[in-house]
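Given the sequences, and given the hints that come with them, work out the whole structure.
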Amino acid sequence: MEAGMEEILVKVAVRVRPLLSKEVLHNHQVCVRLVPNTQQIIIGKDHVFTFDVVFGKNSTQEEVYTVCMKPLLVSLAEGYNATVFAYGQTGSGKTYTIGGGHIASVSEDEKGIIPRATQELFQHISENHNIDFRVKVSYREVYKEEL
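Sequential numbering of the sequence shown, starting at 1, is according to full-length UniProt numbering.
None of these hints come from the bench; they were simulated from the model.
Built from N, CA and C at the ideal position, the CB exists for glycine as well.
Heads up, a few of these hints could be off.
Said to hold, decoys possible - Beta-carbon label-pair distances, calculated as ranges: (1) Arg33 x Thr60: 19 to 29 Å; (2) His124 x Lys22: 32 to 42 Å; (3) Ser126 x Ala82: 11 to 21 Å; (4) Val53 x Glu110: 15 to 25 Å.
Put into structure tokens, the structure is as follows:
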């Protein structure tokens, strides 16, 4: 590792999903609160959890990408490996955050981590003709304990 580089093995971010329109219609309530000026959330009355990064319900796809993925792309361009792992209950927003909206063509604002990272990575490759790049990507979805 180069001098001055800090080794961080795992960084954990949490994104609070806003209520869906059907949830609002059925008077559902948000059960997660953000603790101002911290990287903490409170679930229920008093269960406090601390993360490396906390995104509120109004966070954008761009914000999540910039904070969570851009640093990994820098490392990728330097020859390091990177992994992005989304975990959560069904309907918690993983697919939206990773991929984007639920339709074949999504707006630029709705693009998730994968389309943004792909675009930026291949843009970087096309601008660096003097470097030989080899890209290998894997995408897996585990649903109901099946791959």
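Going through the hints against the structure:
| no. | hint | verdict |
| --- | --- | --- |
| 1 | Arg33 x Thr60: 19 to 29 Å | holds, 20 Å |
| 2 | His124 x Lys22: 32 to 42 Å | holds, 40 Å |
| 3 | Ser126 x Ala82: 11 to 21 Å | holds, 20 Å |
| 4 | Val53 x Glu110: 15 to 25 Å | holds, 20 Å |
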